[in-house]
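There are 2 protein chains.
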Amino acid sequence: MEFVRPTLLLDKDICLKNIERMAEKAKSKKLIFRPHFKTHQSAIIGDWFRKYGVEAITVSSVQMATYFSYHGWTDITIAFPVNFHEINQINKLSQEISLNIVVENKESINYLNKFLKFPVGVFIKIDTGFNRSGILAGRYNTIDGLLKFINENKHLQFKGFLSHTGHTYNAKSRHEIFNRHFDALLKMRSLKNYYKKKYPNMLVSIGDTPSASICENFEGVDEIRPGNFVFYDLMQYQLGVCHFDDIAVRLVCPIVAKHPSRNEVVIYGGAIHISKDSITNIDGKELYGQIVINKNDKKVLLDERNYLCKLSQEHGIIKATHKDFNDLNIGDWIEIIPVHSCLTANLMGKYTTTNGETIPMMGSGNDDF
Amino acid sequence: MEFVRPTLLLDKDICLKNIERMAEKAKSKKLIFRPHFKTHQSAIIGDWFRKYGVEAITVSSVQMATYFSYHGWTDITIAFPVNFHEINQINKLSQEISLNIVVENKESINYLNKFLKFPVGVFIKIDTGFNRSGILAGRYNTIDGLLKFINENKHLQFKGFLSHTGHTYNAKSRHEIFNRHFDALLKMRSLKNYYKKKYPNMLVSIGDTPSASICENFEGVDEIRPGNFVFYDLMQYQLGVCHFDDIAVRLVCPIVAKHPSRNEVVIYGGAIHISKDSITNIDGKELYGQIVINKNDKKVLLDERNYLCKLSQEHGIIKATHKDFNDLNIGDWIEIIPVHSCLTANLMGKYTTTNGETIPMMGSGNDDF
Numbered sequence: 259m260e261f262v263r264p265t266l267l268l269d270k271d272i273c274l275k276n277i278e279r280m281a282e283k284a285k286s287k288k289l290i291f292r293p294h295f296k297t298h299q300s301a302i303i304g305d306w307f308r309k310y311g312v313e314a315i316t317v318s319s320v321q322m323a324t325y326f327s328y329h330g331w332t333d334i335t336i337a338f339p340v341n342f343h344e345i346n347q348i349n350k351l352s353q354e355i356s357l358n359i360v361v362e363n364k365e366s367i368n369y370l371n372k373f374l375k376f377p378v379g380v381f382i383k384i385d386t387g388f389n390r391s392g393i394l395a396g397r398y399n400t401i402d403g404l405l406k407f408i409n410e411n412k413h414l415q416f417k418g419f420l421s422h423t424g425h426t427y428n429a430k431s432r433h434e435i436f437n438r439h440f441d442a443l444l445k446m447r448s449l450k451n452y453y454k455k456k457y458p459n460m461l462v463s464i465g466d467t468p469s470a471s472i473c474e475n476f477e478g479v480d481e482i483r484p485g486n487f488v489f490y491d492l493m494q495y496q497l498g499v500c501h502f503d504d505i506a507v508r509l510v511c512p513i514v515a516k517h518p519s520r521n522e523v524v525i526y527g528g529a530i531h532i533s534k535d536s537i538t539n540i541d542g543k544e545l546y547g548q549i550v551i552n553k554n555d556k557k558v559l560l561d562e563r564n565y566l567c568k569l570s571q572e573h574g575i576i577k578a579t580h581k582d583f584n585d586l587n588i589g590d591w592i593e594i595i596p597v598h599s600c601l602t603a604n605l606m607g608k609y610t611t612t613n614g615e616t617i618p619m620m621g622s623g624n625d626d627f
Numbered sequence: 259m260e261f262v263r264p265t266l267l268l269d270k271d272i273c274l275k276n277i278e279r280m281a282e283k284a285k286s287k288k289l290i291f292r293p294h295f296k297t298h299q300s301a302i303i304g305d306w307f308r309k310y311g312v313e314a315i316t317v318s319s320v321q322m323a324t325y326f327s328y329h330g331w332t333d334i335t336i337a338f339p340v341n342f343h344e345i346n347q348i349n350k351l352s353q354e355i356s357l358n359i360v361v362e363n364k365e366s367i368n369y370l371n372k373f374l375k376f377p378v379g380v381f382i383k384i385d386t387g388f389n390r391s392g393i394l395a396g397r398y399n400t401i402d403g404l405l406k407f408i409n410e411n412k413h414l415q416f417k418g419f420l421s422h423t424g425h426t427y428n429a430k431s432r433h434e435i436f437n438r439h440f441d442a443l444l445k446m447r448s449l450k451n452y453y454k455k456k457y458p459n460m461l462v463s464i465g466d467t468p469s470a471s472i473c474e475n476f477e478g479v480d481e482i483r484p485g486n487f488v489f490y491d492l493m494q495y496q497l498g499v500c501h502f503d504d505i506a507v508r509l510v511c512p513i514v515a516k517h518p519s520r521n522e523v524v525i526y527g528g529a530i531h532i533s534k535d536s537i538t539n540i541d542g543k544e545l546y547g548q549i550v551i552n553k554n555d556k557k558v559l560l561d562e563r564n565y566l567c568k569l570s571q572e573h574g575i576i577k578a579t580h581k582d583f584n585d586l587n588i589g590d591w592i593e594i595i596p597v598h599s600c601l602t603a604n605l606m607g608k609y610t611t612t613n614g615e616t617i618p619m620m621g622s623g624n625d626d627f
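Going down the list, the sequences are from chains A and B.
Every position in the first sequence, counted from 1, becomes a number in the working numbering once 258 is added.
Every position in the second sequence, counted from 1, becomes a number in the working numbering once 258 is added.
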């Protein structure tokens with residue numbers, strides 16, 4: 259394949275395998291599989307999920323829900339504390355599709371109670387310890403208060419409790435992922451046991467890719483909403499959540515300069531292509547990506563002593579070992595394995611598959627949602 | 259003004275003042291003012307520069323050069339080590355406008371020598387100590403070698419030496435900015451003195467916003483290429499390079515949740531809106547933005563103990579003091595002052611002026627360059 263400038267390369271086969279593996283796991287555990295589409299943000303990639311039986315999806319914004327609704331998805335959960343200023347778009351969507359929103363405070367429900375025109379499913383957001391958003395799992399009084407408010411509105415239909423155990427992303431080991439997931443399970447199960455008499459159809463929905471990928475115990479859970487697994491990335495690989503070969507996206511960049519005095523090469527590919535998310539490298543420094551090169555017509559992954567160590571707006575700097583530096587030449591196309599594929603995809607705005615097909619994303623071209 | 263979702267607000271008056279100040283400074287120092295348009299990436303904002311006499315511009319990619327050429331700019335320097343894989347686009351551009359490129363190695367010149375079809379100005383990139391790209395200023399042999407190569411090609415016209423003293427952005431004080439700038443001046447002046455006999459029309463072009471904003475000594479310099487000054491941001495403010503009132507962009511975000519137990523609020527506005535660039539706050543932690551609220555119909559800047567402390571893809575978390583927490587309410591629109599305005603603008607893709615006008619950027623709508 260010929261490249262001209264930084265290009266986000268997507269291996270469709272790997273991506274399909276990732277989708278299939280997760281879909282089968284959900285099936286075997288009798289879980290509703292409602293994948294999060296914020297990672298890929300693409301109608302075409304979304305369609306790949308259909309052949310694995312996926313009919314319901316998760317998104318992170320009203321805009322994204324509108325985009326996927328336009329592309330034929332009719333059952334969408336917006337897993338973000340509702341921004342009630344988008345009431346017009348929410349009313350429009352809920353007239354057309356089965357829409358679920360997430361609430362965690364009375365102010366939002368109060369606003370919705372005034373302006374909501376059509377039925378909307380509502381999940382109460384539960385904080386299982388990530389401390390980003392949601393009500394702490396033990397706060398029954400607060401939850402009862404919200405439920406009272408929800409039940410006063412004929413359009414709001416209580417669907418259940420939704421959590422995102424995002425602190426699995428900060429785990430220091432697989433063991434810690436298991437622990438945090440299990441702790442979250444206990445909390446969500448207590449809620450279920452407490453409320454299931456009154457709400458027998460209530461669902462427990464959990465979200466993170468690490469636990470969905472490696473944990474086996476989902477007792478009490480009804481639905482999973484992982485997103486990142488579709489591509490995975492270095493962060494997941496470092497966590498022990500995926501194999502290196504499961505990573506489906508790479509940023510292809512040309513080398514534009516070489517600096518032997520400091521074993522560094524400059525690539526065209528910077529913060530506006532790959533994003534500034536980093537992990538800590540073996541040398542204790544920030545790593546923005548790992549490097550795959552072509553050597554004797556084979557793809558070779560360089561070890562962590564060769565890594566993307568600095569990013570400006572368009573420049574990337576790769577620190578190399580003396581030995582591998584000689585294999586990095588001006589004009590060469592190298593592949594950067596991204597630290598956080600969601601942010602890289604969001605910046606690049608489209609994909610090129612390894613077969614040369616271009617796959618647009620939300621926001622490309624004329625899609626203005 | 260009514261908002262619906264995160265919106266990048268641009269104060270046109272501040273922006274015009276920033277442009278005017280820099281244009282007048284360049285004029286008073288008899289410097290060519292070739293502003294870097296990578297910060298705003300917008301044809302409309304580009305046009306604002308014309309009334310201050312700007313006719314020549316800087317960009318950071320061939321795509322950006324193509325965009326601004328399409329919008330009427332006829333004298334453009336691409337201040338990035340040339341990516342020769344874009345030779346077709348370079349040939350197309352150089353047929354139509356006065357185009358300058360930047361080189362720092364023989365490999366690139368060698369390639370250009372084979373495939374360049376029309377005259378192109380060429381700057382040699384000099385590293386004044388930032389250690390990102392360029393030839394170290396004292397390497398006369400290397401420079402002579404490049405010049406020999408350049409002179410062998412009828413299309414390549416040597417224009418001079420170009421540097422970006424980007425280590426002024428890492429300075430710990432204004433004093434250090436002066437020092438680094440002066441050190442760069444000495445290096446560039448030595449080069450000029452050495453080569454001016456042979457190349458009497460040769461230019462010395464320097465680039466960074468910190469030195470262009472606060473330094474007064476530009477002896478030996480012919481051209482300045484600052485970019486960030488058009489908006490400034492918290493990084494420049496923390497460096498002592500601009501006043502707080504010179505910052506022209508703000509991300510307007512709604513508060514969607516409140517967590518009194520940890521004095522935190524959640525906003526709709528995350529890494530895909532503001533970018534993950536951070537500075538170090540007074541508490542030693544990463545700060546992604548400062549906060550302006552509306553209080554009694556007045557805009558009030560909260561002190562640094564209230565700050566954007568965490569970002570996910572769409573969520574932002576603000577840590578607040580107990581006192582100010584009470585002024586942050588669900589549904590309120592607050593303003594985030596960005597750490598790095600270039601990256602925030604690049605992510606947001608368009609501006610809304612304080613007068614309600616929408617200003618598109620490169621990549622919006624149908625502009626596919």
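There could be a bad hint or two in this list.
Same chains, same label: a pair holds when it works inside one copy or across any pair of copies.
[To be verified] Restricting the straight-line Cα-Cα distance to at most 25 Å, the calculated cross-link-like pairs of lysine-lysine (DSS-like) are:
1) Lys275 / Lys455
2) Lys430 / Lys543
3) Lys534 / Lys372
4) Lys534 / Lys608
5) Lys577 / Lys364
6) Lys543 / Lys568
7) Lys364 / Lys581
8) Lys534 / Lys430
9) Lys412 / Lys553
10) Lys364 / Lys553
11) Lys557 / Lys430
12) Lys577 / Lys534
13) Lys534 / Lys455
14) Lys454 / Lys288
15) Lys568 / Lys534
16) Lys350 / Lys412
17) Lys581 / Lys412
Source of the hints: derived by calculation from the structure; they are not laboratory data.
All values derive from a computational prediction rather than experimental measurement.
Right, here's what the structure says about each hint:
1. Lys275 / Lys455: neither (39 Å within a copy, 65 Å between copies)
2. Lys430 / Lys543: For Lys430 and Lys543, both the intra-copy (17 Å) and inter-copy (21 Å) Cα distances are at most 25 Å.
3. Lys534 / Lys372: Answer is neither: 41 Å inside a copy and 37 Å across each miss the 25 Å cutoff.
4. Lys534 / Lys608: both (19 Å within a copy, 21 Å between copies)
5. Lys577 / Lys364: For Lys577 and Lys364, the Cα distance is within 25 Å only across copies (21 Å; inside one copy 51 Å).
6. Lys543 / Lys568: both (10 Å within a copy, 20 Å between copies)
7. Lys364 / Lys581: Intra 61 Å, inter 22 Å, cutoff 25 Å: inter-copy only.
8. Lys534 / Lys430: Classified as both: same-chain Cα gap 21 Å, cross-chain 22 Å, threshold 25 Å.
9. Lys412 / Lys553: Classified as neither; 64 Å inside a copy, 35 Å across copies.
10. Lys364 / Lys553: between (60 Å within a copy, 23 Å between copies)
11. Lys557 / Lys430: neither (30 Å within a copy, 42 Å between copies)
12. Lys577 / Lys534: both (16 Å within a copy, 22 Å between copies)
13. Lys534 / Lys455: This pair counts as neither: shortest intra-copy Cα distance 47 Å, inter-copy 45 Å.
14. Lys454 / Lys288: within (18 Å within a copy, 77 Å between copies)
15. Lys568 / Lys534: Cα proximity of Lys568 and Lys534: in one copy and across copies (9 Å, 14 Å).
16. Lys350 / Lys412: Cα proximity of Lys350 and Lys412: one copy only (17 Å, versus 62 Å across).
17. Lys581 / Lys412: Neither: 69 Å inside a chain and 38 Å across chains, both beyond 25 Å.
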